[in-house]
Each structure stands twice: as C-alpha cells, then as structure tokens.
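Undergrad: As a plain string of letters, each chain reads:
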Amino acid sequence: MKRKNNDTGRARNALHAVREFARFLASEMKPKGKIGTPFNVITGTIIVVGIALIAIRFYLGLGAVTNLSQDYPWGILKGFNLFVGVAFAGGAYVLTFVVYIMKLKKYEPIVRVTVLNGFLAYVFYAGALLLELGRPWNVVNPIIGNSFGFSSVLFLIAWHFLLYIICEFIEFSPAVAEWLNWEKARRVVEKMTMVTVIFGITLSTLHQSGLGALFLLAPAKIHPLWYSNYIPVLFFVSSIFAGLSMVIIESTFTHKVFHDKIGNTLRASHDDILLGLAKGCIGALFAYLFLKVIEMVHGGHWDLLATPMGYWYLVEVVGFVVLPIFLFGAAIRRRSVRLVQFTSFFTALGVILNRLNVSVIAFKWYAPVRYYPSWIEIWVTLAVISMELWVFRWVINRMPVFTEHPKAAKEEIIPVAEVVRWKASAS
Amino acid sequence: MSVNRRDFLKLAGVTGCSLLAGAPRRSEAAMASTEFYGMLVDTTKCIGCRSCEEACNEQNGLPKPEVPFSSDSVFEQKRDTSPGAFTVLNRYPNAKNPGSPVFVRRQCLHCCQPACASACLTKAMEKTLEGPVIYHKDRCMGCRYCMIACPHNIPKFEYESAFPYIRKCIFCYDRLKAGGRPACVDACPENASLFGTRRDLLEIARTRIYENPDKYVHHIYGEHEVGGSGTMYLSAVPFEKLGLRTDLGTTPYPEHTSGFLYGVPLVFVLWPSLLIGLNYLAENGNKGKNHEEEE
Ligand code: SF4
Ligand code: SF4
Ligand code: SF4
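Those sequence lines, one after another, are chains A and B.
Counting from 1, one number per residue, gives the positions in the first sequence under my numbering.
Counting from 1, one number per residue, gives the positions in the second sequence under my numbering.
Any given hint might turn out to be false.
Below 30 Å or equal to it, Euclidean Cα-Cα: the simulated DSSO-like pairs (lysine-lysine) are [to be verified]: (1) K287/B x K191/A; (2) K261/A x K103/A; (3) K287/B x K106/A; (4) K221/A x K106/A; (5) K241/B x K364/A.
In short, the hints are calculated from the structure, not lab data.
Please take these sequences and the hints and turn them into a complete structure.
TA: Following this line, the structure appears as structure tokens:
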C-alpha cells in the first residue's frame, strides 16, 4: 500500500518535472533581445522567401528553380553548400586535435564555439543537400536499405556525415548539459569526449578527402589543371586552412556581436589565439602549395597555363595560396591581428574559389552552354546560411559556449538567477 | 590521367600508408563470362531510318516526340539522349564519301565496369550478370552522381518532375531475360545493330575489319575504352569525328576511386592509433613540463 503511494508520488513528481522542463524549454525558445533589428529583418525575409522557394522546388521539381541541366547535374547547391560548407566546418576537427590530442591548452577557450559551428554547418549543409536530391525521401537507403553501394565514395561520405554529426553533437553536449544543469549527464558525456574526438578526426580526414575523391570519377570532364590523383589529399589539406581561417573570421564576428558573453580568459588570450591559428594556416597553406607544385610537375600541363583556364588557375594558386602565405607571415611578424583577420577572409575566398572551380567551373569547361546559378539557387543558399546564423545565435545566447571550464562557465556566463530559477522550478 | 597502381602507391606514400596497400582487385570475372551480352553497331550499314529510335520509344513507353520518327529534319542538329529518348541517331559528314553521310546511334554503352554503378551509393545502377546496366528506380535518391561519373554522359535526370528518376537505355533487360533481343536491334532493317555475346561480337567485328581493311577504321570502339563496354561500334570514319570521345583512356572507371577506397580501412586503423600515441606523448610532455616548473 505504502509502496504504491510512493510509486504514484514518484510518477507525479516525474510528470511534474517533465512539465516544468517543457516550460523551461518553451521559455528558452523566446528570442532574447530586440526583434526588429536590421539583421533580423533582412535574414528573416531571406528565410521566409527561401522556404517558399523550397516549397516550389518540391512541387515543380528541380528544373523549375535551378539552372541545373543534363550537362551540369551539380550546381552551387552542392558546390557551395556541400564542398565549401564542409571545408569551412573543418575547424572543428583541427581544433579538437590541437586541444584534446596535442593538449595545447591555449586554444581551449574557442573549442566549444568551433565545435558548435562545425556541428551546425554539417546539420544545415546536409539539410541543404536534401533539397538538392531528386528523391530525398530515399536518402535513408544507403543507411538502412538493402542496397549498400560499397564501391561508391558518396556512400562513404553519407555514412561519415551521419556519424560525424553524432560525434560533434556528443563533443558539444557538455555545454547542453550545463545549460540544462544536468550535472550527471555532463559527466557522462564529458567522459566520452576523447573517444568521439579520435573517431571524429578519423572520420573528418576521410570525408574531407572523400569529397575530393568524388571527382576522381570524372577524369575526362574536369580540366586537367584541376584533375589529379592528389584531389583527395588537396581537399584534406585545404580543409585545414579553410577551417582555421573560418575560425578566425567567426571569432572576429562573435567578438563584436557577443561581447558580453565572452569569458575573461578568452578576452585576454584572444589575440594570441588568432596569431597561433594564423601560424597553423601558414603550415597548411605551405603543404598545399607543395602538393600543387608536385601535381604540376607530375601532370606536366605547363602548356595549359597559357590558356584562359590556365590564367584562372594561376589566379587561384598565386592569388589565394601564395599571397596568403606572405600576408599571414607579415601579420605574424608584426603581430597584427587585423591583418590576420583580413588574410583569413582572403584565404576563405580562395577555398570557395577552389571548390567551385573543381565542382562547377573546371567541370566540363569545354561545354558550349555553361552553368551559372539561378537567383533562386543563390537565395536558397543564403536562406540556409541565415537559418544557421539564427540557430547559432540562439545557442550562444543560452549555453556556455565561450568558456574553457565548466566551473568557470557557471560563475561567468549563466546568469545566476537563471540557474536558480530552473533549479527551483525543477524541485 | 588515370590512377594506375603506381600512382596510387605514390599517393598512399604521401598519406603514409604505402606499406599495407593491397593491390586493387578487378572484377574481371564479370568480363570473362560467356553470358555477357552486348550490341555491335556497324555505322557503315546504318541508313538513318530511325527505326531503332521508334522501337525504343514504344518498348519503353516513352512520350511521342514532336517531330515524327519518319522525318529527317531532326538531323539538322546534333541531339543528345534525354529522359524521353534513350537512343538518338545523329548524322555526321563522311569525308571519304561525301554522298553518304554517317549515322551514329547514341545510347548507354553498358560498360564492362560501369562508372555509373560504381558511383551509385544505393546500388540503383546495377551491372547485371548478363551484361546490361539496369536501373532500380525505387532505390535511387536522385543525387545524380552517376551523371557526373558516366564518361559518355548517358544517365539523364527528370528535372521537370517532382518525383524524378534517372532515365537511360537498360538494354531491354526484360526482353533479354525472356530470351529475346533488344527492341532496337529487332527493328533494324539493315542489321546495323547486332545482338550477341560480347565475345562473338568482337569476333564478328574483327573479321569485318580483317576482310575489308580499306573500308573500316582499324579500331573497335568499346573494345578497350574505359575498360570495355557491351555496346561497340565499327566505323569507316575516325571515331572522334562521330561524337565519340577517344580520349577516355582504357582504365576502367571504378579503378579511379578504388585506390582511395582501399585507403579507408587503413586510415580507420592507423589514425586512431596515431592519435592515441600523439596524445600520450603530449600528455607526458606536459607532465614533464609541469614537473620542471614545480622544481
Ligand atoms: S555508358 Fe554511362 S550509363 Fe552506360 S554503363 Fe557506362 S557509365 Fe553507365
Ligand atoms: S542519381 Fe540515383 S542512380 Fe544515380 S547515383 Fe544517385 S542514387 Fe544512384
Ligand atoms: S536496348 Fe532497348 S532501351 Fe536500349 S536503346 Fe535499344 S530499345 Fe532502347
């Protein structure tokens, strides 16, 4: 009898807790800060119209909204969202490597935000990829279906994306647990960090290079200056400096926008961190340039350099690989954070250029009718980026992202009142 | 431009896994099979009647074209296959004999080691034991990687549909399994398209070249191109003048990515152990530093 009472009591408590939790979540869903800011209005419009365009795409088919054709089956929805987006998300695996494997404590303050960025990039760009598939409901086939295309690089990438998103979520989840004040859960996921980091880096190596390996199957369609056996390695190495420059760019913005969220340690070491990241960029850029030279010697396409495509190739390599090396070098010598930030923009631009070159511009460079994106494709791309920014802001405003230590996090970041409120309502 | 084994080893050396790299296995068993059917298109016999186009259209229930099959006007322009036409005939000038232009069919070549099938991540494109490369529409997710991969630009996508499929010639697989021949072969009044096992067709092709050395170009298109294909061509005019790419090489396309794919398990074994090792070193290094600092 007594026991039964206990049980119903427990059940009632549990129910109560769940209801309170839902209320807490609901309150957290509300936007913080002003709503009618220019940023909100602009990105909001982009998102709303973007969703309408996506609806049209599903109603009328891809042909109605894109400039894709039988000659150009992949456009910027793949070229930009997938190849560029994933390269930029590379910062996460590089930084987890540096911090968790190499134990360079200096970079710890920015690990969380970088992992968050990587995670969101994968979620949103993989999401954008679904829009671009002709039959997106069949996307589960390579995961659960009876039809495993083991011989396909794309199969590998699909699996890796799935696993990597899970890895990054686990890596980020201590922040979620802190936000919810779930101490036990935090300890559990924290213990998993090392395993997920190792697994995550391995997966990243493979799918970053895998994205390049996709194009190994199109030797006769990609301009010889861009096609080589090194594409996978080139994609991998460039994802390192792509990721690092993205981290620098992103921290430039977040430092302005989320100034009040940033912990003291990070504020103090921020410049040092950026200069350190710049050094990493130089290293990777050098390796990349080295590979490019070997590729050139190996391929022996010197004569092609004196063609229009060759000039374009030189713009990419000299303008966006060699020049950034010098600029980063100068920035480090002068300890100029500004120049580091500027050069990162430049480097990121170069990565965009390179990915679009391989996937769109050097692809069927001989075709009489070239592909260029429709305004709808560009709009949808912007909408995806806007959505990501919104979610990013939502998380930053609520979870302890910019801190290096959970203890410090609670003292510094979460307003005490909020923690107490949630605790009080839970009990 | 091809990734041969030497190149792969070089590449593997760069990534530091040359030691364990295995030799790529080739699916040559499929090629050696006697039941491997194909088609031989002798362009010197084709009169451009478009019977094959019409038969294919009917066989596959494709939409009727605007210009009727009896019309010659379509030859004014070069046409490509489309979601509504799995085979099209194009007319090319004949330098040797200006009075009789050359007609060339364009359709899936049913490669011996097809790029499309090796690209497909859901096995929607499948190389059958009999030879044809068929398509399982229920598996396809419309990623269009097969279109990127196919060296002959054959798979076509239904861009205008909300429920799109990839469309291409499937060698009338149903008819083949029922013991028949492709509809286009049946319809050809001049026997310009021949059906048979790949082995027999090669023999016929070689014999024709041997018996008429002046008539034919001494090359069977599809014998070796991208590892060989089920559909092969004979011609009196150099093949590059007939819209067929002759710069594709003889490497079967799946081999371009097999090097990378064989590297995957290596990375899965090597990376974690390397990372754990590095982590151990870094941790010990830090400890040492800390000790020094304490002292
Ligand atoms: S020609 Fe293209 S579609 Fe046909 S089997 Fe070969 S790769 Fe596949
Ligand atoms: S579009 Fe369909 S058939 Fe082609 S590779 Fe993708 S899943 Fe396979
Ligand atoms: S084999 Fe069948 S599907 Fe292919 S072109 Fe001939 S009739 Fe059409």
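Undergrad: Compare the structure with each hint and give your call.
TA: Outcome of the hint check:
At roughly 21 Å between alpha-carbon atoms, K287/B and K191/A fall within 30 Å of each other, so this suggested pair holds. Distance check on the hinted pair: K261/A and K103/A sit about 25 Å apart at the alpha-carbon level, within 30 Å; holds. For the proposed pair K287/B and K106/A, the alpha carbon gap of about 16 Å is at most 30 Å, so the pair holds. Taking the CA atoms of K221/A and K106/A, the gap is near 45 Å; set against the 30 Å cutoff, the hint is violated.
Distance restraint check for K241/B and K364/A: the Cα-Cα separation of roughly 19 Å lies within the 30 Å cut-off, and the hinted pair is therefore satisfied.
The structure fails hint 4 only (numbered hints given earlier).
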